[in-house]
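2 protein chains.
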Amino acid sequence: MAATLAFWYDFASTYSYPAAMRIERAAAAAGVRLEWRPFLLGPIFKAQGWTDSPFNLYPAKGRYMWRDLARLCARDGVAWRRPSAFPRNSLLAARVALLAAEQGWAGGFTRAAYRANFVEDRDIAQPEVIADIVAGLGQNAATVLEAAASQAVKDHLRAQSEAAMTQGIFGAPSFTIGDELFWGNDRLEPALEWAASEGVR
Amino acid sequence: MAATLAFWYDFASTYSYPAAMRIERAAAAAGVRLEWRPFLLGPIFKAQGWTDSPFNLYPAKGRYMWRDLARLCARDGVAWRRPSAFPRNSLLAARVALLAAEQGWAGGFTRAAYRANFVEDRDIAQPEVIADIVAGLGQNAATVLEAAASQAVKDHLRAQSEAAMTQGIFGAPSFTIGDELFWGNDRLEPALEWAASEGVR
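If you're matching them up, the sequences are chains L and R in order.
Under the numbering used here, residues 1 to 201 are what the first sequence spells out, in order.
Under the numbering used here, residues 1 to 201 are what the second sequence spells out, in order.
Don't read these hints as lab results, they were simulated from the structure.
Fair warning: this is a prediction, and the values are worked out from it, not measured in the lab.
Where hints are given, some of them may not hold.
If chains are identical, the list can't say which one is meant, so a pair holds when it fits in one copy or spans any two.
Using 20 Å as the maximum straight-line C-alpha spacing, the simulated SDA-like pairs for lysine to any residue come out as follows [to be verified]: (1) Lys61 to Met165; (2) Lys61 to Asp179; (3) Lys61 to Trp50; (4) Lys61 to Glu180; (5) Lys46 to Val119; (6) Lys61 to Gly49; (7) Lys61 to Gly168; (8) Lys61 to Thr166; (9) Lys61 to Trp105; (10) Lys61 to Gly178; (11) Lys46 to Glu198; (12) Lys61 to Ile177; (13) Lys61 to Asp186; (14) Lys46 to Met165; (15) Lys154 to Asn89; (16) Lys46 to Asn56.
Bound conformation, chain L alone (with noise of 0.2 Å):
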């Protein structure tokens, strides 16, 4: 029986861009299958007492993280483009990304929504650009804008992001098979193999 890997991510999340571009292929190779799982780290980071990313607070690793990401995205062949804002307010991608989950089309769009914020630095905040990316994909775009402004779809956002901070993460992107927690796009490929492995314990 194929193990489940759960990927947790937030459109802000510079690290979660080249996780998310390669993560569906990646576990369909491994026999791993995939749960998508939009949340928002801003309130994890205030419950750590920081107000903005860490990245701007330290602007070392931030500096670092730019040209890190810029090196691997190179290595890997991923397009990338270093926003001309960060982070951008990820609310409304992680709603519509949510109920894309439930409807099966969250791959798609996520996928299109890391390719707006970094590399054509658009801005993800705005409902004109998420309602294009919706469009994209063959969607309906004002019924989904309107069903991603839900109480039920806030509620699960809520709820979901909540659900992160006690499975124990506290950045993006994350895998957790089961309670065990992998963090860091460069730890996507050990998650793959856990989860691989815990299908046929």
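Once you've looked at the hints, dock chain R against the given chain L.
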């Protein structure tokens, strides 16, 4: 001409341990010249407003690190035991390593001191423990400890820790090839690849 990779490490740093255990062999295999650069993270953390390890300051991050490290050491076949005290004071070990680097026996000392802390759970802040390690490497412990306490070695370590900050280093292990910085145990292989290709540019 082979490029040079500088390895920046603090003996209190958990993720520096698996890097230290394989770096000499890995650098030789990649045809990269290796420089041992022990330094102190404490002053860098203090400059960021931290008076303890971030793994102690941020409990979720700390819990994850202990689990992650046990997992990756098991995967890589590296012996590992969580030390009963963390972080241990690494000042004396860093001074001795600096001296060892000048004299050409940094590799053996570095591995033995990491093993003492992270496998044998010995307190590397104690002169007896360091003396024992030094003697085990065929060096005269009394002579080495006396030299490590000299003003010249103290000044050298202070200068090295300042140089780390100037290079943009904010954690350990770090690897530099000229101005190019790589951070983290999982960046050792990409750093070596960078250094190796640097040599032929």
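*Non-conforming hints, listed in increasing numerical order*: As far as the earlier hints go, 5, 9 and 11 are violated by this structure, in ascending order.
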